[in-house]
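Engineer: Line by line, the protein sequences are chains A and B.
Per this note's numbering, the first sequence starts with residue 1, numbered consecutively.
Per this note's numbering, the second sequence starts with residue 272, numbered consecutively.
Rather than coming from a laboratory, the hints here were simulated on the basis of the structure.
Only a predicted model underlies this, so the values are computations on that prediction, with no experimental measurement involved.
Virtual Cβ for every residue (Gly too), placed ideally from N, Cα, C.
Be a bit skeptical, because a hint or two may be false.
Claimed, not checked - In silico BS3-like cross-links for lysine-lysine, where the CA-CA straight-line distance does not exceed 27 angstroms:
{"#": "1", "chain 1": "B", "residue 1": "Lys329", "chain 2": "A", "residue 2": "Lys78"}
{"#": "2", "chain 1": "B", "residue 1": "Lys329", "chain 2": "A", "residue 2": "Lys69"}
{"#": "3", "chain 1": "A", "residue 1": "Lys78", "chain 2": "B", "residue 2": "Lys333"}
{"#": "4", "chain 1": "A", "residue 1": "Lys3", "chain 2": "A", "residue 2": "Lys33"}
{"#": "5", "chain 1": "B", "residue 1": "Lys329", "chain 2": "A", "residue 2": "Lys112"}
{"#": "6", "chain 1": "B", "residue 1": "Lys329", "chain 2": "A", "residue 2": "Lys104"}
Said to hold, decoys possible - Simulated restraints on C-beta separations:
{"#": "7", "chain 1": "B", "residue 1": "Gly337", "chain 2": "A", "residue 2": "Glu231", "range": "30 to 36 angstroms"}
{"#": "8", "chain 1": "B", "residue 1": "Ala284", "chain 2": "A", "residue 2": "Gln65", "range": "33 to 39 angstroms"}
{"#": "9", "chain 1": "A", "residue 1": "Glu257", "chain 2": "B", "residue 2": "Val318", "range": "54 to 60 angstroms"}
{"#": "10", "chain 1": "A", "residue 1": "Lys104", "chain 2": "B", "residue 2": "Pro282", "range": "42 to 48 angstroms"}
{"#": "11", "chain 1": "B", "residue 1": "Glu348", "chain 2": "A", "residue 2": "Asp100", "range": "28 to 34 angstroms"}
Said to hold, decoys possible - Computed footprint of chain B on chain A, listed as stretches where at least three residues anywhere in the stretch have a Cβ under 8 angstroms from a Cβ of chain B:
{"#": "12", "stretch": "57–71"}
{"#": "13", "stretch": "219–226"}
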Amino acid sequence: MSKVVVVTSGKGGVGKTTSTAAIGAALAQSGEKVVVVDFDVGLRNLDLVMGAERRVVFDLINVIQGDAKLHQALIRDKRIETLSILPASQTRDKDALTSDGVAKVIAELREKFDWILCDSPAGIERGPAMAMHHADIAIVVTNPEVSSVRDSDRIIGLLDSKTERAQRGERVEKHLLITRYDPVRAARGDMLKVEDVLDILSIPLLGIIPESQEVLKASNVGVPVTLNNPETAPARAYQDAVRRLRGEKLEMSIPQERRSLVERLFGRRVA
Amino acid sequence: MSIFQFWRRKPTASVARDRLQILLAHERSSFGSSDLVARLQEEIIAVIRRHMEIDPDKVQIKLDRGNHVSTLEIDIEVPLAERARLA
Chain A
1 MSKVVVVTSG KGGVGKTTST AAIGAALAQS GEKVVVVDFD VGLRNLDLVM GAERRVVFDL
61 INVIQGDAKL HQALIRDKRI ETLSILPASQ TRDKDALTSD GVAKVIAELR EKFDWILCDS
121 PAGIERGPAM AMHHADIAIV VTNPEVSSVR DSDRIIGLLD SKTERAQRGE RVEKHLLITR
181 YDPVRAARGD MLKVEDVLDI LSIPLLGIIP ESQEVLKASN VGVPVTLNNP ETAPARAYQD
241 AVRRLRGEKL EMSIPQERRS LVERLFGRRV A
Chain B
272 MSIFQFWRRK PTASVARDRL QILLAHERSS FGSSDLVARL QEEIIAVIRR HMEIDPDKVQ
332 IKLDRGNHVS TLEIDIEVPL AERARLA
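Given the sequences, and given the hints that come with them, work out the whole structure.
Structural biologist: This is the structure in structure tokens:
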């Protein structure tokens, strides 16, 4: 039975696209058939973060409007065979996302893939509503920062009222993913602690992604952080989150950067 | 990361700059618009259809936007009956 997962947040810039790419790649590496779908019509970026921007021919809107077949718009990842990308349109506007069209595409994707990861645009308008509508599972990406937590709370409300599952009287399985977390600043009292965020939002925790330079390096080269350097702290944090998403019971931890012998000798990070 | 990799590796920021320059050059030109590729597909299929029966679903289009040249690869499956007729 395939699962539709929406990666959402309300607020922009908290790491939805980064997280979609990282989680999609890690899931696909474990042998699952995965498609990552960009719902940010007009401002697509998932293709760029995944390193597929040169190969986009058709997009979600072309498929919805019947200009292309789904298999023509899907881009097969060059690194992982079981991973595909469905890009958003860069030229159309979000009104081209019709409910019927999205429903048809999702139904067709369910036949081909085990996991359908929908990368939601920011906000609470049509784009995010379409991205979350068919979700079985929601990953709510939140930064330990007041405006992000507030917007996440708003999104959780929408997940419980506006989705197909909610309208059928069922629940969307919700998970919290805290990104850009800095344990040192949290311990100093300069950043909301994980417990604070959990207390306020009260949905189960999927993972804690530490603030790291590796995230920017990975997006610079167009490789999901879980593939670019799987040993780094954020990559390991995403891998743990994926294991929990697949149902494993794993103790919660915040992975730290491993320091090599050279780095330890010099007492600092080399690169 | 070892100290040797540090010297060998190209800084990621310059990779990012190169990728963006190529992408934006294409997006600012007409070739970057997905509408053009859709139109091209339609017209190419129409031309081929004048000569043989093909299934529009069996057409695969691939694009690779490069620094100096882009390649457009169109893969059309020709049915067995058509091949026999052409032979």
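Engineer: A separate judgement is required for each hint: does it hold in the structure or not?
Structural biologist: How the hints compare with the structure:
A threshold of 27 angstroms between alpha carbons decides the hint, and for Lys329/B with Lys78/A the separation of about 22 angstroms falls inside it, so the pair holds. Between Lys329/B and Lys69/A, the direct Cα distance comes to roughly 10 angstroms. Compliance with the 27 angstroms bound is thereby established for this hinted pair. Proximity of Lys78/A to Lys333/B is assessed by CA-CA distance (about 13 angstroms); at most 27 angstroms being required, the pair is judged to hold. Straight-line distance between C-alpha atoms of Lys3/A and Lys33/A comes to about 11 angstroms, which keeps the hinted pair within the 27 angstroms bound.
The hinted pair formed by Lys329/B and Lys112/A meets the criterion: a straight-line CA distance of about 17 angstroms does not exceed 27 angstroms. Only pairs whose Cα atoms come within 27 angstroms are accepted, and Lys329/B paired with Lys104/A is accepted, the gap being roughly 20 angstroms. With their beta carbons about 32 angstroms apart, Gly337/B and Glu231/A fall inside the hinted range of 30 to 36 angstroms. About 38 angstroms separates the C-beta atoms of Ala284/B and Gln65/A, a value consistent with the hinted range of 33 to 39 angstroms.
Separated by about 57 angstroms at the C-beta atoms, Glu257/A and Val318/B satisfy the suggested range of 54 to 60 angstroms. A hinted range of 42 to 48 angstroms for the beta carbons of Lys104/A and Pro282/B is consistent with their spacing of about 44 angstroms. The hinted range of 28 to 34 angstroms is satisfied by Glu348/B and Asp100/A, whose Cβ atoms lie roughly 29 angstroms apart. For the stretch 57–71 of chain A, the stated coverage by chain B holds: 8 residues have a C-beta nearer than 8 angstroms to a C-beta of that chain, and at least 3 were required.
Against chain B, the stretch 219–226 of chain A contributes 4 residues with a C-beta closer than 8 angstroms to a partner C-beta. That satisfies the three-residue criterion, and the hint holds.
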